[in-house]
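S.K.: Single-letter residue listing:
Number of protein chains: 2
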Amino acid sequence: MDFSSFLTSLGTSFVIFLVLVLLFSWLSRKPGNAVVYYPNRILRGLDPNENGSGSRGLFGWIGEALSSTEEDVISSSGVDTAVYFVFLSTVLGILIISGLVLLPALLPVAVTDDRLHHLPTKIAQTKNYTVLDKLSMANVDDKSPRLWAFLLAVFVVSFVSYYLLWKAYNHVSALRANALLSPEVKPEQYAIIVRDIPPVPEGQTRKEQVDTYFKTIYPDTFYRSMVVTDNKEVDKLWQELEGDKKKLARAEAIYAESKRTGKPEGTRPTHKTGFLGLLGKKVDSIEFYSEKISELVPKLEAEQKSTLREKQLAAAVVFFTSRVAAASAAQSLHAQTVDKWTVIDAPEPCQLLWTNLKIKFFERQLRQYVVYVIVALTIFFYMIPIGLISAFTTLKNLKKLLPFLKSILDEDAVRTVLEAYLPQIALIVFLALLPKLLLFLSKTEGIPSQSHAVRAASGKYFYFSVLNVFIGVTIAGTLFSTFKELQKNPNSIISLLAGSIPENAPFFLTFVALKFFVGYGLELSRIVPLIIFHIKRKYLCKTEAEIKEAWLPGDLGYGTRVPGDLLVITIVLCYSVIAPLIIVFGVAYLGLGWLILRNQALKVYVPSYESYGRMWPHIFARILASLILYQLTMLGYIGGKKFYFAPFLIVLPILSLIFGFVSHKKFYRSFHDTALEVVAHESKEIPNLEQVFRSFIPPSLNSEKIDDDQFEDALSQVSRTGSFV
Amino acid sequence: MDFSSFLTSLGTSFVIFLVLVLLFSWLSRKPGNAVVYYPNRILRGLDPNENGSGSRGLFGWIGEALSSTEEDVISSSGVDTAVYFVFLSTVLGILIISGLVLLPALLPVAVTDDRLHHLPTKIAQTKNYTVLDKLSMANVDDKSPRLWAFLLAVFVVSFVSYYLLWKAYNHVSALRANALLSPEVKPEQYAIIVRDIPPVPEGQTRKEQVDTYFKTIYPDTFYRSMVVTDNKEVDKLWQELEGDKKKLARAEAIYAESKRTGKPEGTRPTHKTGFLGLLGKKVDSIEFYSEKISELVPKLEAEQKSTLREKQLAAAVVFFTSRVAAASAAQSLHAQTVDKWTVIDAPEPCQLLWTNLKIKFFERQLRQYVVYVIVALTIFFYMIPIGLISAFTTLKNLKKLLPFLKSILDEDAVRTVLEAYLPQIALIVFLALLPKLLLFLSKTEGIPSQSHAVRAASGKYFYFSVLNVFIGVTIAGTLFSTFKELQKNPNSIISLLAGSIPENAPFFLTFVALKFFVGYGLELSRIVPLIIFHIKRKYLCKTEAEIKEAWLPGDLGYGTRVPGDLLVITIVLCYSVIAPLIIVFGVAYLGLGWLILRNQALKVYVPSYESYGRMWPHIFARILASLILYQLTMLGYIGGKKFYFAPFLIVLPILSLIFGFVSHKKFYRSFHDTALEVVAHESKEIPNLEQVFRSFIPPSLNSEKIDDDQFEDALSQVSRTGSFV
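One line per chain: the protein sequences are A and B, in this order.
Each residue of the first sequence is one higher than the one before, starting from 1 at the first, in the UniProt record's numbering.
Each residue of the second sequence is one higher than the one before, starting from 1 at the first, in the UniProt record's numbering.
These aren't lab readings, by the way, just hints derived from the structure by calculation.
You may find that some hints are simply not true.
Any copy will do: because identical chains look the same in the list, a pair fits if it lies in one copy or spans two.
Derived pair list, reagent style DMTMM-like, types lysine to aspartate or glutamate, alpha-carbon separation capped at 20 Å [as the list claims (entries may be wrong)]:
#1 K665 to E265
#2 K665 to D339
#3 K358 to D339
#4 K666 to E363
#5 K186 to E202
#6 K246 to E295
#7 K245 to E291
#8 K299 to E64
#9 K246 to E291
#10 K245 to D220
#11 K263 to D235
#12 K134 to E291
#13 K299 to E242
#14 K358 to E348
All chains should be modelled from the sequences, with the hints used to inform the complete structure.
M.R.: So, in structure tokens, the structure goes:
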């Protein structure tokens, strides 16, 4: 890629970004779009324009984002989102401080050397060196004492990282403690999840078994238990019923509208009962759904009762009368062997993965390892297509492989655009396919809560993207030219990797640029959700509930955002000393990201769960992994320059490991367990435990018809039948 | 070593053993020796001869040992000793079952082959093959299909081991649970140790700080706290006082005796106050010590007060009103960062290592790693002297190195004895020096209880002895002959090790034989303690207390016994298939050990602490490590025979790791933490918590003069002075 196509790519991206920002400023002022641009505020019952973003000019949102505090973020989007911003500002801080030291120090050192001029003319021509190369370490001679500057720069970046990461861990730990000690009643703080309950003893019900067990251990603080049931059937019925209720409401709305607009007696809506509403008998919709509902309601009630009675599983939610008791119980060993009566702290009721609760202890272990193997295989085999894409889409190779395209590809405009975007777009599309698969795999491990599954998937995605994208592209990009060399000496892969890094710098610069300009432009402008919302409202939505569903925003989705950001950070870190200019791009990416996501967190997204910052240790570990990868790369690269003092760099990975170990030791446990001193600040008034209990009843079992006594009765009638032993 | 010297060694050992056993039978019947042979029974207030061991003939003790139950062992020597017997019977079981399968199967297969006859005559002569070699794998041809039998034998031994180890882990887990759930009040079950207490806040005492903290978290179950103090000074004074009291009692006893035996007015004992009682002024002993005591008592009291007031450390013992509360508290995270308010379950008061309690969290971590490094270095550098000993003491080398000894060494009798014993004795003496060093190092890690330190030292000792003795001797024994080969190809160390194993078989057979015959003979006959006791009683002891001190037995010392046994087991396992005859020796060693130590556990030794079987996971892990070493050795050895199916053996180490992982997961945590269901069986009556509290007061602070109120007062006056912040 030559310098002009790099500038083209950068320029086009920036123009797209500007257009999208202007579009956002214009569209977000229209009151009709408020539900798309301010759903978070609307759901919290605030006036979308309270701060007058409409009146404050085009860029009022920037001021608002900048002036917002961490408390604002927590109150609008929760602790998890606040932690995401701690992550962004920490890495932004690392890059800004590093940049302030490195750019003035390294660029002059690099540009005043002249290795590239000394190279044999033939090589220089084929490689097509650009200004970018002159500003990088590629321009520094082997064994040059100038390499001292670059070596020291690695130390600077590392120590800045340690300092800021330590501060961040401290800060997040305090954030988590503050959130947990708030006197507000959170049901999950009074509950624990019990799994691997042994078979019910003769003559006891499952509920009696659980109650006896916990009453013996916690005579004073045990409140109540709820046996987990297999809700597959009842969930299906309940969803069918809810669907029919919505359809009935819709049909009634259509009928009411037809009265207003058409004949005063109205047109009763009809539909066909067959495939997709296209075939079969034509029926009156209102009658049809009313009938179906009145059929389903008793069926659901019967299923609810039989579920409670006959489908109990070997898991339970146990409630305590105080937060300390629950927190302490969740951390203690209950049974003499670990595979019985295992306890964990309860997640929020809404994010409990009920179906995973029945999986047995050793099955969970086994599943975990099987999933790890599958993920490892996926990482390995994804490398092949990505390598191919990267190799095919370099223009030279395209021309070689598809000679009939040669005439088109020689057109200047086509060539520039293709060269600028094709590989990056292929990469981005490819990466978008993966998160769903990884989330599915993580849930298969038997993880009991949504947030934990997202964390697990996110961690896998990070390793995937770093290994495949960064290392994969770097290797594959040079694989075609140096394949024979590799065959001769398979151990040379590390030096090969280090050697090919500078050549791939422009690719990654473009990748980062594309990602932040176009990605964040789309994010801010919300063009896609806006269009979808307007289409839905115009043609599909008939009831208020349907319209609300159409604009309801998702959550920030940090499960995929974090690995994406981490990939960029890994790339920027690894190039920070080799081609220091990349720091500027990294800062722009992260700064813009901070700004735009701050806006989205304050006004748009609504968190779907809260894990009180449990994501942080994962993020921390992965930033550190990036840092170690960077340190190793630099060791290889500076070593490859035949610099005798390169082995000094060996201390850095070791230091990083020690730093990680100490931080992990000091802070990690309070992210896994709840510190008792934190929850000991109980609120004065006794919480409504009944309500805490009810909040854990799954919606499909939570019928108004089944009152609490029946619930209890049904639960205690179980297993007299003896069918679950 | 030829066959005759092997038989000589075996024969001599056996004769020594027989003599010692007869000596034991004869000596143990004399009533005057009862305190040496039955101290455990005497201390428990039982009649030494209750079971009529005196009347039941020479070998009555064997019947008693065989008929004793596990409960007998627990009641006489505690759970830890019972666990030691579980260990012995498990490995005994492994060897017996393996022997029953392997001996009839492998010996015929080996002896009917004839590789040794086919070897070139020259090699055969220098190697000096014996009957032992003919019965071993050394006699099986390379690539022979007979190797299938040996390969399968490895699988048999492994699966027998898995089965019995699993059963043993289950059994020990139950033993531990039973001991912990007993309604008997054990002070340590009501207490936890708190370390890393943050600096005292302004205006509070240390005691108030601790009390407030725990009262907030455990408003209902917190009983009381005891701040740990720096007792160095007060301990010194207290020991001086106790010593003087003993000396006074002794002087008075001498005076009283002199009245009886000499002049009716008696001779007042005198001594000199200078160096060792040899120099200085002559004084009247009774007056001197009385005076000294009356000086020391107020000094001690003053020091006690000032210790309690001014020497408080950042650690405390916290007491709870129930066992569940204490067990749960010991497992829970209390502070948001792990390096503050760290808790562990309290060990027995007598085994608390008070001085280690003040060491800070990260200092403990650091110390641990520093100790690991030191131990690793020790292991490495001990190898050199041991290798030298092993090389020098083979007779051939001795003659080569010290030619002037040639005439003596050529004497048959001298040669046989030297060949038979010299290397083994050198090894045993060498190994005896180490445990003290390792125990010291383990205590330096900052471990807070004696039993834990013993466990840690014991584990280190195992790795030390396996690495140095087994691998070291095996390598060093062949190093002199094959040094050049090793220089050519340093990677050959594994094949070298495997190849040299059969050559060293006689060495280890003799080692095992010597260890069990002579070692257990001495153990049973207690010749050394008996002689020491009689000398002391005759010439030194004047008071009853002194006599009791002279016969008081130690504990079983399983900290050094277990690694010793494990070394034998490792050797026997590793040779079990190569030279199956060794199994007979292994069974004899373990069987004899079981019998003799059973006798000692029931009648002699008195446990000095109880850790409720916490030693077991360590033992288990090390048996498994031996098994894996065995499997790897066999892989190398059978592979070295150029047997194409040898790679099948690779599954075994993997299986062992999985087995270890599953067992560890399932059982380990209940050895680290106390399962709540176990301690939930509280006794009906409320324990005397005051007594529980007082049992944790160190003896040097536990003066009758300082009553409880003063203790409390003194504690609460602290740090108003502000000196500990």
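S.K.: Give a verdict on every hint.
M.R.: Okay, the hints, checked on the actual structure:
no., hint, in the structure
1, K665 to E265, "neither (74 Å within a copy, 72 Å between copies)"
2, K665 to D339, "between (26 Å within a copy, 8 Å between copies)"
3, K358 to D339, "within (13 Å within a copy, 36 Å between copies)"
4, K666 to E363, "between (31 Å within a copy, 13 Å between copies)"
5, K186 to E202, "neither (36 Å within a copy, 34 Å between copies)"
6, K246 to E295, "within (16 Å within a copy, 94 Å between copies)"
7, K245 to E291, "within (11 Å within a copy, 99 Å between copies)"
8, K299 to E64, "neither (52 Å within a copy, 72 Å between copies)"
9, K246 to E291, "within (14 Å within a copy, 99 Å between copies)"
10, K245 to D220, "neither (45 Å within a copy, 51 Å between copies)"
11, K263 to D235, "neither (41 Å within a copy, 104 Å between copies)"
12, K134 to E291, "neither (77 Å within a copy, 91 Å between copies)"
13, K299 to E242, "within (13 Å within a copy, 84 Å between copies)"
14, K358 to E348, "within (18 Å within a copy, 40 Å between copies)"
Hint violations for this structure: numbers 1, 5, 8, 10, 11, 12, all remaining hints satisfied.
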